[in-house]
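J.: In case you want the letters, here they are:
There are 2 protein chains.
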Amino acid sequence: MIVLGREGFSERLAKELRAEFARIETKVFPDGESYFRISEPEKIRGKKAILVVRGRTPNLDQNRMLTESFLLLDKLKALKAKKTCLLLPYIPYSRQDREFLKGETVSVKTVRNLLKEKCDLLVNVTSHDFRKEGWIDKKTYNIDATESVTEFLKSKKFENPVVMAPDMSVSENVEELAKSLGGNSIGFEKERDLKTGKIRTFGKIPNLRGRELIIYDDVASFGETLYKAVLMGKKAKASKIICILIHVLSVYNKKFEKNSIDLIKDESDEYYSSDTIESPITKFSIIKQVSEFLKENF
Amino acid sequence: MIVLGREGFSERLAKELRAEFARIETKVFPDGESYFRISEPEKIRGKKAILVVRGRTPNLDQNRMLTESFLLLDKLKALKAKKTCLLLPYIPYSRQDREFLKGETVSVKTVRNLLKEKCDLLVNVTSHDFRKEGWIDKKTYNIDATESVTEFLKSKKFENPVVMAPDMSVSENVEELAKSLGGNSIGFEKERDLKTGKIRTFGKIPNLRGRELIIYDDVASFGETLYKAVLMGKKAKASKIICILIHVLSVYNKKFEKNSIDLIKDESDEYYSSDTIESPITKFSIIKQVSEFLKENF
Chain A
6 MIVLGREGFS
16 ERLAKELRAE
26 FARIETKVFP
36 DGESYFRISE
46 PEKIRGKKAI
56 LVVRGRTPNL
66 DQNRMLTESF
76 LLLDKLKALK
86 AKKTCLLLPY
96 IPYSRQDREF
106 LKGETVSVKT
116 VRNLLKEKCD
126 LLVNVTSHDF
136 RKEGWIDKKT
146 YNIDATESVT
156 EFLKSKKFEN
166 PVVMAPDMSV
176 SENVEELAKS
186 LGGNSIGFEK
196 ERDLKTGKIR
206 TFGKIPNLRG
216 RELIIYDDVA
226 SFGETLYKAV
236 LMGKKAKASK
246 IICILIHVLS
256 VYNKKFEKNS
266 IDLIKDESDE
276 YYSSDTIESP
286 ITKFSIIKQV
296 SEFLKENF
Chain B
6 MIVLGREGFS
16 ERLAKELRAE
26 FARIETKVFP
36 DGESYFRISE
46 PEKIRGKKAI
56 LVVRGRTPNL
66 DQNRMLTESF
76 LLLDKLKALK
86 AKKTCLLLPY
96 IPYSRQDREF
106 LKGETVSVKT
116 VRNLLKEKCD
126 LLVNVTSHDF
136 RKEGWIDKKT
146 YNIDATESVT
156 EFLKSKKFEN
166 PVVMAPDMSV
176 SENVEELAKS
186 LGGNSIGFEK
196 ERDLKTGKIR
206 TFGKIPNLRG
216 RELIIYDDVA
226 SFGETLYKAV
236 LMGKKAKASK
246 IICILIHVLS
256 VYNKKFEKNS
266 IDLIKDESDE
276 YYSSDTIESP
286 ITKFSIIKQV
296 SEFLKENF
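So the sequences go chain by chain: A and B. Taking my numbering, the leading residue of the first sequence gets 6, the next gets one more, and so forth. Taking my numbering, the leading residue of the second sequence gets 6, the next gets one more, and so forth.
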């Protein structure tokens, strides 16, 4: 087995898997085309190859991540890899999963199908649509990163934590997470107005005096959902507010005149994101969990 | 038949073809994902659909052009178009057409194959590899834009023109072009040092006193080849120097501390590019030629 990728992440994954490693050399030509080279092409023939395509925020270039995937998977085939696995810890175009207005492209579906055709196994981490029927098959797998989150938070030894899920899609995980940490969970619903983009929240939360509030969400882009949750926590007098996210994107939030990562940093006491996207608040890794999955399934 | 696209170009093509037109609405989300919507989706069913994906320089985003092609072709299929044609006047990733160093991705090949799979006909204009064996088949067509160039230059009524091809790949066309304009052609060879990137030129050109020198090339990115040709023309005392290009990209040229388009503008008397890419020097159109091809072949 061989792991291919650009950054320390891929090397660490190779180590964890006791697999070989081949570095991807990369640059962007001034005319906008990207260049990729597998540094040791002679290593590929006959091997199971895991290609890691991972990005960095700010300025995550999701279109480039797609091109990178296509060009390198094609190259691995030309170099006669035995099987190919594409690991996209954060899968590009994971947002638009349905047609809100007639005529809109459903990018999640198109992108997923395109990528799936080009490899033997497509692996993502905690992607929004991972419970959607029909989108998951033998060739596609979404690793739910709650296990990595739990392990990381356990090491922090909170005294009296309560876990909150601002997005109902992770609420099941949140109950489990709270149990593992010896605390309990609360949830609130949000609803986004499709025209104005404003988020409306429902429900109240109990008094949290003397308790650490852990807010767990799968993805933050504008950071607005998280911000609302933090405000609720403050109002409820939580002793400490901890934000923990799988994927974090640094997107400029007009209303608060700062990017989402700064919003999170400024408004909470502790803030952590995983290494699915390299970010200024990346503090824990999904590598162990991913490697365990790959050992069993690839 | 229906033409789909974003800018005036696509509307004009539809008019020339006497076809319907449907506008593509588009935006970029702040997290980097692109959004596309076919404005009148009900128009598609049962029709032959021509999707135009065209960019603008500076900052031509070639990766985004690929994503746009994939998402919209998939949508056209979902909307039950009878047949699809993808028109990429400038095809993204048209540069790296072979493996210079072992392990490099051959992006031209991968991109072309990917796109071809997703439509019934793939049409490009003057792409670098268009004479390569095996890459052109029933589903792929490269329109040689020399016809459009000739027509445009004829309207300029030069008195005593001579046409020069700084790149041998267009030399055949240049002879024809010169004949049509009532002049003659000269050529010179260039060779690029793969390590340093420096361009070496061979051969001399005759005295051009009293003659208009037309320099014709298919693509300019850094503008360096063209610049060398202009210098040769000046040395040979041409009365006027005219640069004419199919595709022009505005790429910053470190050596001259300006972008390639400004280099062309500053160093020559007249400068024209086609509308395969929308640029500050776009002055003539390939629409008539493309429409004639499509009328016969789609």
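Warning: the hint list may mix true and false statements.
Copies of the same chain look alike in the list, so a pair counts if it fits in one copy or across any two.
Unchecked claim - Listed next, the in silico BS3-like pairs over lysine-lysine satisfying Cα-Cα at most 25 Å (straight line):
hint, residue 1, residue 2
1, Lys260, Lys32
2, Lys107, Lys32
3, Lys239, Lys52
4, Lys143, Lys270
5, Lys107, Lys48
6, Lys48, Lys162
7, Lys144, Lys123
8, Lys107, Lys87
9, Lys121, Lys82
10, Lys233, Lys88
11, Lys240, Lys300
12, Lys20, Lys245
13, Lys259, Lys32
14, Lys82, Lys144
15, Lys242, Lys52
Just so you know, the hints here were simulated from the structure itself, not pulled from any lab data.
J.: Which holds for Lys240 with Lys300 at a C-alpha limit of 25 Å: within a copy, between copies, both or neither?
T.: Neither, since 46 Å and 67 Å both go past 25 Å.
J.: Treating 25 Å as the Cα threshold, decide for Lys143 and Lys270: within, between, both or neither.
T.: neither (39 Å within a copy, 56 Å between copies)
J.: Have a look at Lys144 and Lys123 and pick one of within, between, both or neither, based on CA distance no larger than 25 Å.
T.: both (11 Å within a copy, 20 Å between copies)
J.: Within, between, both or neither: how does the pair Lys233, Lys88 come out at a Cα-Cα threshold of 25 Å?
T.: Neither way: Lys233 and Lys88 sit 45 Å apart in one copy and 48 Å across, limit 25 Å.
J.: I want to check one pair: Lys239 and Lys52. Are their C-alpha atoms no more than 25 Å apart within a copy, between two copies, both, or neither?
T.: neither (53 Å within a copy, 58 Å between copies)
J.: For Lys20 and Lys245, with the copy left unspecified, which applies at a CA distance of at most 25 Å: within, between, both, or neither?
T.: neither (36 Å within a copy, 64 Å between copies)
J.: Between Lys48 and Lys162, at a C-alpha cutoff of 25 Å, which is it: within one copy, between copies, both, or neither?
T.: Classified as neither: same-chain Cα gap 44 Å, cross-chain 60 Å, threshold 25 Å.
J.: One pair to classify: Lys107 and Lys87, alpha carbons no more than 25 Å apart. Within, between, both, or neither?
T.: between (42 Å within a copy, 19 Å between copies)
J.: At most 25 Å between C-alpha atoms: does Lys107 with Lys48 qualify within a copy, between copies, both, or neither?
T.: between (48 Å within a copy, 12 Å between copies)
J.: State whether the alpha carbon distance between Lys82 and Lys144 is at most 25 Å within one copy, between copies, both, or neither.
T.: This pair counts as both: shortest intra-copy Cα distance 17 Å, inter-copy 23 Å.
J.: Can you give me the call for Lys121 and Lys82, within, between, both or neither, at a CA distance of at most 25 Å?
T.: both (14 Å within a copy, 18 Å between copies)
J.: For Lys242 and Lys52, with the copy left unspecified, which applies at a CA distance of at most 25 Å: within, between, both, or neither?
T.: Answer is neither; intra-copy 56 Å and inter-copy 62 Å both fail.
Hint check: violations occur at hints 3, 4, 6, 10, 11, 12 and 15; the rest are consistent with the structure.
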